[in-house]
Amino acid sequence: MAETVNIGEIAARLSKDIFKYFLWATHPKTDDNFECSNEKHVGDGGKPKATHPGDVVFHYRDPYLGKMVYLHTDLKSYAEGSITSTSLRGAFKSLCMTIDCARCSDSWRAKYSVDEGEAHEVRGLLFVHNHDNGYDKPFYDAVDKVNLQALPVAPGTQLHYLGPHDIQRLYSIANDILRLKGEGELPTTYTFYYPDLVMTRRQGDVWDQSATVETLTAPYIIIKHAATEAQSAGYVIYYNAPAACPEEFEYFLDSLSRFQMLESGERILLRVTHPDAPNDLKSVFRMAQKKYVKAWGFDPEREAILSQIQIERITSVTSTYNPGDLGWRE
Numbered sequence: 001m002a003e004t005v006n007i008g009e010i011a012a013r014l015s016k017d018i019f020k021y022f023l024w025a026t027h028p029k030t031d032d033n034f035e036c037s038n039e040k041h042v043g044d045g046g047k048p049k050a051t052h053p054g055d056v057v058f059h060y061r062d063p064y065l066g067k068m069v070y071l072h073t074d075l076k077s078y079a080e081g082s083i084t085s086t087s088l089r090g091a092f093k094s095l096c097m098t099i100d101c102a103r104c105s106d107s108w109r110a111k112y113s114v115d116e117g118e119a120h121e122v123r124g125l126l127f128v129h130n131h132d133n134g135y136d137k138p139f140y141d142a143v144d145k146v147n148l149q150a151l152p153v154a155p156g157t158q159l160h161y162l163g164p165h166d167i168q169r170l171y172s173i174a175n176d177i178l179r180l181k182g183e184g185e186l187p188t189t190y191t192f193y194y195p196d197l198v199m200t201r202r203q204g205d206v207w208d209q210s211a212t213v214e215t216l217t218a219p220y221i222i223i224k225h226a227a228t229e230a231q232s233a234g235y236v237i238y239y240n241a242p243a244a245c246p247e248e249f250e251y252f253l254d255s256l257s258r259f260q261m262l263e264s265g266e267r268i269l270l271r272v273t274h275p276d277a278p279n280d281l282k283s284v285f286r287m288a289q290k291k292y293v294k295a296w297g298f299d300p301e302r303e304a305i306l307s308q309i310q311i312e313r314i315t316s317v318t319s320t321y322n323p324g325d326l327g328w329r330e
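Under the UniProt record's numbering, the residue at position 277 of the sequence shown is numbered 277, and the numbers go up by one with no gaps.
Hints were generated in silico from the structure; no laboratory data involved.
Glycine included, every Cβ here is placed at the ideal spot set by N, Cα and C.
It cannot be assumed that every hint is accurate.
In the DMTMM-like style, the derived pairs of lysine to aspartate or glutamate whose C-alpha atoms are separated by at most 25 Å in a straight line are [as the list claims (entries may be wrong)]: (1) Lys67 - Glu121; (2) Lys181 - Asp208; (3) Lys49 - Asp32; (4) Lys224 - Asp205; (5) Lys67 - Glu80.
DEER-style ranges, computed between Cβ atoms [said to hold, decoys possible]: (6) Glu35 - Gly156: 19 to 29 Å; (7) Lys29 - Thr315: 33 to 43 Å; (8) Pro195 - Glu35: 18 to 28 Å.
With the hints as extra help, turn the sequences into a complete structure.
In structure tokens:
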């Protein structure tokens, strides 16, 4: 039982160490329950639920919605063999009922200091960590077997999930951000960049923006930063796609152009995160640059801009939290 508690603490420690670098705020109230207000919510034994669990609540302001997003998070730390469609189905079902109550609960708002008059959304986040680092299967295949359509998802409810490979990647990015800050490549403060889109405009100032939960699983994560003593102002972009062919990078470069980042004159540092990125990564990117310039009629000014983009792969880092170590309380 004691070891199980320590294993559970791994996910809590890991999530804290990851999300602070994505500028999420954490409510200090953790590992607490709130009252269930729906008599139709029943547990595995068919008995009505009295309460719903709450591991931790993260929050940030969504730059496109212009409102605060609260992520009521279920932290799971499973061994390799425990990550199955059955265990995921149970976790999703519990989270569905939890968020259904949380969205309209005075008890929940009071517990997590949410002003009812504040523009906000309450969503669910399932955080599934593999604490023995042995899970090498496609996590989304296990999710696909859950039959999400059969879950008790109330209208208007949004659920997000991060699997072991997502968490591994985000942990590596968090460590890379820490290293870049230590080397003077990034200042102490930075922001996540959200361009105006065709149908959606960013609300609020361009600075002081957190990474949204959607951004964490997007093809790329863009950080905007001011100048440091070592570097001029610019962007650090974490590229999460496979980086397998020039055409993929051509689309990426076109996106940067649409976001008006190529014309900014600011530094662009591209950090590739995918573990299966090709060995000749820089050659693939160089070919994409040449093809993109050709599509623009060999514009020398655009070619000069593209040649300034730096591309590197990040070092993958595996978390080494140990249940025995976490058992010490000093």
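Here is what the structure says about each hint:
no., hint, verdict
1, Lys67 - Glu121, "7 Å, holds"
2, Lys181 - Asp208, "17 Å, holds"
3, Lys49 - Asp32, "15 Å, holds"
4, Lys224 - Asp205, "12 Å, holds"
5, Lys67 - Glu80, "37 Å, violated"
6, Glu35 - Gly156: 19 to 29 Å, "21 Å, holds"
7, Lys29 - Thr315: 33 to 43 Å, "35 Å, holds"
8, Pro195 - Glu35: 18 to 28 Å, "42 Å, violated"
The structure shown violates the earlier hints numbered 5 and 8.
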